[in-house]
Every structure is written in C-alpha cells, then in structure tokens.
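If you read the protein sequences in the order shown, they are chains A and B. full-length UniProt numbering applies: residue 1 is where the first sequence begins, and numbers increase by one. full-length UniProt numbering applies: residue 1 is where the second sequence begins, and numbers increase by one.
The set of hints was computed from the structure by calculation and includes no laboratory data. All C-beta atoms in this analysis are idealised placements derived from N, C-alpha and C, irrespective of residue type, glycine included. Careful, some of the hints might be misleading.
Claimed, not checked - Per the computed footprint, the stretches of chain B lying under chain A, defined by three or more beta-carbons under 8 angstroms from a beta-carbon of chain A, are:
(1) 120 to 132
(2) 268 to 278
(3) 289 to 300
Stated by the list, open to error - Computed from the model, here is a short list of chain B residues facing chain A with C-beta under 10 angstroms:
(4) Glu32
(5) Glu57
(6) Pro64
(7) Val146
(8) Phe149
(9) Leu157
(10) Leu255
Residue strings, one per chain:
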Amino acid sequence: MASSSLSRGLLGYRVNAVGLVASAVILFWLFIALFGGQFTPYPPGEIVDFDYFGPMSGQYWLGTDYLGRDMLSRILMGARYTVGISVAAVLISCFLGVVLGMMAAVIGGWLDTCLSRFLDALNSIPSKLFGLVVVAGIGSSIPVLIGVLAVIYTPGAYRFARALAVNISTMDFVTVARARGERTPYLITQEVLPNILGPVLTDMGLRFVFIVLLLSGLSFLGLGVQPPNADWGSLVRENIGGLSFGAPAVIMPSIAIATLTIAVNLLIDNLPVRIRDRSE
Amino acid sequence: MNPQVVSLVLGRLGVAVITLVIVSFIVFAATEMLPGDIAQILLGQAATPEAVAGLREAMHLNDPAILRFLRWLGGLLQGDLGKSYANNMPVADLIGGRLANTLKLAAVTSMFAVPVALFLGITTAMYRGSLYDRAVNTLVVGVISVPEFMIATLAVLVFAVWLHWLPALSFTGDTTTLMGLLKAYAMPVITLSFVISAQMIRMTRAAVVETLKMPYAEMTLLKGASKPRIVLRHALPNAIGPIVNAVALSLSYLLGGVIIVETVFNYPGIAKLMVDAVSTRDLPLIQTCAMIFCLGYLILITIADVIAIVSNPRLRK
C-alpha cells in the first residue's frame with residue numbers, strides 16, 4: 001500500500017504532455033463547433049469551384065467536394081453538428097444513467113431489479129442496429145438523433161454508475177446519514193455523487209467517443225444529419241465517390257473525426273490515476 | 001459439475017430468454033413506428049378505399065398491436081417469417097442465401113483475426129512496456145477510436161488506390177478462380193479483422209496482465225523463470241477464462257462492423273439486405289433481420305457470460 005500511495009503523491013493532479021496535447025485538440029474542436037461559422041472562407045452550401053473533387057490549393061485549402069463546394073467551410077460547419085449532437089446526447093444519457101443508477105443503488109429492492117433487467121435488455125440490442133431501425137422508422141432529424149443516441153447509451157452509463165454507487169452506499173458514512181433520517185435526494189447528491197464524480201466524468205468521455213462514432217456511422221449510412229446540412233460522417237458519405245482517386249474531400253472529414261476521438265481517448269488514458277481509478 | 005455452477009448457468013440462460021422476448025417486443029414496437037399505411041403502399045395510388053380496407057382486414061392490420069405482436073412472435077417460433085412487402089416473396093427465401101454469405105464472411109474473419117489477436121495480446125502482455133508493446137497499443141487505440149467506415153475507406157485507399165493489389169469493390173470481378181475469390185474476400189475481411197482484433201488484443205492483454213499481478217506470478221519471477229515461461233506456463237492457464245470471454249465479446253463487434261462493411265463493399269449479405277429493406281420500408285424483412293442480429297448478439301454475450309461463470313476458480317471443486 002505504501003508504494004501505491006507514494007506513486008499517487010508523485011502523480012498528483014498533473015497531466016502529462018500527451019494529455020495536454022490531447023486536451024488542446026479537444027478545446028480546438030469545441031471552439032470550432034461554437035464559433036467555426038465565423039471563419040468559413042466561403043458559404044458552406046455554395047458551389048464555388050467549377051471543378052469537382054478539387055485538390056488542396058491556396059484558394060481552397062482543403063480542396064472542393066463532389067459539387068465543387070469548399071471543403072474547409074463544410075468541415076468547419078460540420079463540427080457544429082458532430083460535436084453539438086454528441087455533447088447533447090452524452091449529457092442526457094449520462095444524466096439519466098447516473099441519476100437512475102444512484103437511485104437504484106441507494107433505494108435498492110424492486111426498483112433496482114426492474115431497472116436493471118429492463119436496461120440490460122436494452123443493452124443487448126446492438127447499438128448500430130437499434131439506431132438504424134429507429135431512425136429509419138421515425139425519420140431522421142436532429143432531436144430524433146439526440147434522443148436515439150441518448151437512449152442507446154443510457155444503459156451503459158446506468159450500469160457503470162450503479163456499480164460504483166453500490167460500493168459507496170454500503171459505507172459507514174452513508175449508513176450514518178441514513179440513521180440521521182436523511183432522504184434519498186440528499187443521500188444521492190451529498191453522500192454518493194461527490195464520491196463517484198471522477199470515474200463518472202471519465203466514463204462520460206468514453207461514452208462521448210462511442211456516440212461520435214455511432215453518429216458518424218449512421219450519417220455514413222445516410223440516416224444521420226440530412227442534406228443540405230452535413231456532419232463529418234455525412235461529408236464522408238457525400239464524397240465517397242472521390243475515394244478511388246484519393247480526393248481530400250473524403251480524407252479530410254475522416255481526419256477530423258479521428259483527431260477528435262483519438263484526442264478524447266488519449267486524454268482519458270493520460271488522466272491522473274486518482275481521477276480515473278474505478279475501484280476506489 | 002458443481003451444482004452452484006449449474007444453477008448460475010441455468011439462471012444466465014433464463015435471463016437470455018427473457019431478454020430475447022423484451023428485445024423482440026422492442027424490435028416490433030420500433031418497426032410499428034414506420035409511417036404510412038402498409039395496405040395503401042402495397043396497393044399503390046390507384047387502389048379503391050374498399051380494396052385497401054379489404055387488404056387491411058386480410059393482413060389483420062386492424063387488430064390491436066399486442067395481438068399482432070403475439071401472432072408475429074408465434075409465426076417466428078414456427079419458422080414462419082412472413083412475406084416481404086416489397087416483392088411478395090417469403091422472407092425466409094430472401095434471407096437464406098444472404099445469411100449464409102454473412103456467416104461465411106464472419107467465419108473467415110474470425111479464423112483470421114482470432115489467432116492474430118491472441119498472439120498480439122499475449123505477447124504484448126509478455127513484453128509489457130517495451131517499444132513493441134507501445135507500438136501495438138498505439139495502433140489499437142487508433143483503431144478503436146475511429147469509425148468502422150474509416151478503416152474500410154483506408155483499406156481501399158491503401159490496397160486499391162495506392163498499391164493496386166485489390167479491386168475497390170467486392171464481388172465485381174470473377175469469383176470462379178481461387179485468386180479471384182481471395183481478392184473478393186480480402187478487403188471486407190481485412191477491415192472486419194481490424195475492427196474486432198483491436199478489442200480482442202486490448203482485452204486479452206488486460207486479462208494476462210491482471211493474472212501477472214497475482215502473488216504466485218511474482219513468485220515465479222523471484223524463482224528466476226524467464227518471461228515467456230512465466231506467461232505461457234504459469235499465467236496463461238489461469239487467464240484462459242477471461243480470454244475466451246474476451247474473444248466471444250469481441251466477436252459480437254462483428255455485428256456492428258458487418259453493417260458498415262457490407263454497405264461499403266457492396267457485399268451481398270444480410271446486413272446489406274437490411275439496410276436496403278430500411279430504405280424500402282419493408283417491415284417483415286427489417287423485423288426478421290433485426291431479430292437475427294439480436295439473436296446472434298445475445299448468443300455471443302451469453303456464451304461469454306457462461307464461460308466467465310464456468311472458468312471462475314472460486315466455483316470449482
């Protein structure tokens with residue numbers, strides 16, 4: 001035990017170089033998602049080049065797409081959809097999952113059993129299939145996408161938060177609070193939540209990556225963000241015809257997705273043990 | 001067999017059956033939400049209202065949803081999968097050959113990916129912290145972090161566009177010769193292998209590393225055993241359970257991957273059939289495909305759980 005507490009003391013809350021680079025990339029994309037519309041060199045929906053699948057040039061930094069629209073502008077605008085929808089979905093799913101998970105752990109009994117059974121069943125539908133069927137069923141729009149993605153990833157967040165909260169709710173200080181006569185909302189917000197916050201935030205980051213990947217996958221199948229708007233997955237789908245000659249219009253949105261998801265994964269892998277350790 | 005193990009396994013199988021019923025209900029409910037009157041769509045614009053009403057009656061569309069659900073479930077159990085709305089063929093006929101194609105793809109991929117992933121997972125655990133370990137890990141994190149379609153497009157870019165080794169689309173060339181067959185399968189198999197082996201490498205490595213933390217593994221180190229000996233002779237036999245569990249879990253990623261890969265490469269499998277059925281709103285076909293996918297997924301994760309129970313040394317006698 002002595003050695004582990006020593007290493008923790010050395011680590012502290014410092015984030016290493018890889019983590020810093022990763023968080024810089026994440027902040028960059030967040031900034032683009034919020035303010036990217038200000039920097040588009042051309043209107044993203046306008047055909048500006050007579051040639052299609054144009055190469056990278058001084059005039060069109062990232063080339064042009066299958067209709068001759070400026071890729072840089074379209075990627076800057078696409079960030080809004082990819083990041084925005086994913087952030088909204090991850091916030092909803094983690095909020096629902098964590099609140100239900102803590103309630104199940106603190107209250108226990110039949111509520112716990114019913115919730116766990118139902119959410120486990122939901123979890124045993126492959127995520128891509130579920131998204132495919134529901135989005136095809138009720139049509140694709142941004143609120144529907146957010147809702148579907150949130151529903152798909154709530155069971156995972158629930159399972160994770162419940163497992164952590166069960167450990168906390170058997171501890172003495174929770175028993176003391178119960179004996180004091182505190183009610184469930186107090187127990188959840190004051191006793192359990194502060195003790196599981198670090199791992200829950202880490203889990204939220206991982207879930208964000210899953211959501212970005214699933215959203216891009218759905219958009220790639222033509223079931224995500226609908227034209228004329230396009231997120232990064234739709235941009236790849238639109239321009240897949242340029243693949244056989246390696247057009248930047250296919251490669252650039254792919255790189256955008258990859259940098260975002262890899263950065264989040266790297267940041268989480270390089271977080272100090274104290275924040276992300278799940279067992280304590 | 002320990003009676004405790006038997007009861008745990010039976011309990012797990014019971015949960016799987018209950019889950020399947022809930023899942024079938026969700027699939028039915030989701031496809032019920034498809035807009036439009038099916039009788040109207042089937043008969044076309046020129047149909048008289050009487051004909052539409054008659055067809056609705058004949059297809060039991062006026063019955064309450066719960067009755068239709070039970071009838072559909074009953075039909076499924078008897079092997080009656082219904083008729084496709086789009087071309088009036090029995091769903092079973094449409095699915096038969098396609099399912100075989102998808103299973104073939106999955107089998108070839110597993111044969112290829114499982115040994116490679118196990119080898120990489122075990123050796124990276126053996127040489128943990130080495131340059132080799134870090135290189136493989138970086139690659140694995142990269143593959144896990146990107147969508148499947150990107151791996152597919154990358155494979156096309158590298159093998160078809162830059163190297164000109166393989167055709168960009170599957171099943172366009174001839175598949176009569178061995179070489180042609182290999183070429184047709186190569187691209188989907190390479191893509192899928194990447195998708196599932198990344199997870200498998202990660203989990204296998206974690207399982208072996210976890211075992212190596214045990215006191216008895218430390219003891220073998222103190223006795224001066226070599227690294228390969230510690231891992232292969234002492235750690236591996238105890239990590240078999242978690243590793244097989246990891247393999248079954250990773251294979252369930254095939255399902256998600258196959259949807260994208262069959263679409264990208266135009267592979268005539270069941271996932272392509274389903275994506276097409278979604279665009280033509282062919283309800284019975286979507287329902288059946290979705291049930292097949294969920295069934296496959298459930299079988300794999302149930303196998304993984306059962307193996308985890310059986311291989312738990314605390315339950316052995």
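### Task
For the hint on Phe149/B, just tell me whether its beta-carbon gets within less than 10 angstroms of chain A.
holds, 5 angstroms
### Message
At least three residues with a C-beta closer than 8 angstroms to a C-beta of chain A: is that true for the stretch 289 to 300 of chain B?
### Response
Per the Cβ count (5), the hint holds.
### Query
Taking 10 angstroms as the limit, does the beta-carbon of Glu57/B come near enough to a beta-carbon in chain A?
At 24 angstroms from the nearest chain A Cβ, Glu57/B fails the 10 angstroms test, so the hint is violated.
#### Entry: Hint check, Glu32/B versus chain A [nearest Cβ-Cβ separation less than 10 angstroms]
Hint holds; Glu32/B Cβ to chain A Cβ min 8 angstroms, cut 10 angstroms.
### Query
Hey, does the Leu157/B contact hint survive, CB to chain A under 10 angstroms?
With Cβ-Cβ at 6 angstroms, under 10 angstroms, it holds.
### Query
Do three or more residues of the stretch 268 to 278 of chain B come closer than 8 angstroms to chain A, measuring C-beta to C-beta?
Held - the stretch 268 to 278 of chain B has 3 residues with a Cβ nearer than 8 angstroms to chain A, which meets the minimum of three.
### Task
Go through the hint on Pro64/B and say holds or violated, using the shortest Cβ distance to chain A against 10 angstroms.
With a minimum Cβ separation of about 19 angstroms from chain A (threshold 10 angstroms), the hint on Pro64/B is violated.
### Query
Minimum Cβ distance from Val146/B to chain A below 10 angstroms?
Status holds, d = 5 angstroms.
### Interface hint status, Leu255/B versus chain A (Cβ within 10 angstroms)
holds, 5 angstroms
### Task
Tell me if chain A covers the stretch 120 to 132 of chain B under the three-residue, 8 angstroms CB rule, please?
Violated: only 0 residues of the stretch 120 to 132 of chain B have a Cβ under 8 angstroms from chain A.
The earlier numbered hints that this structure contradicts are 1, 5 and 6.
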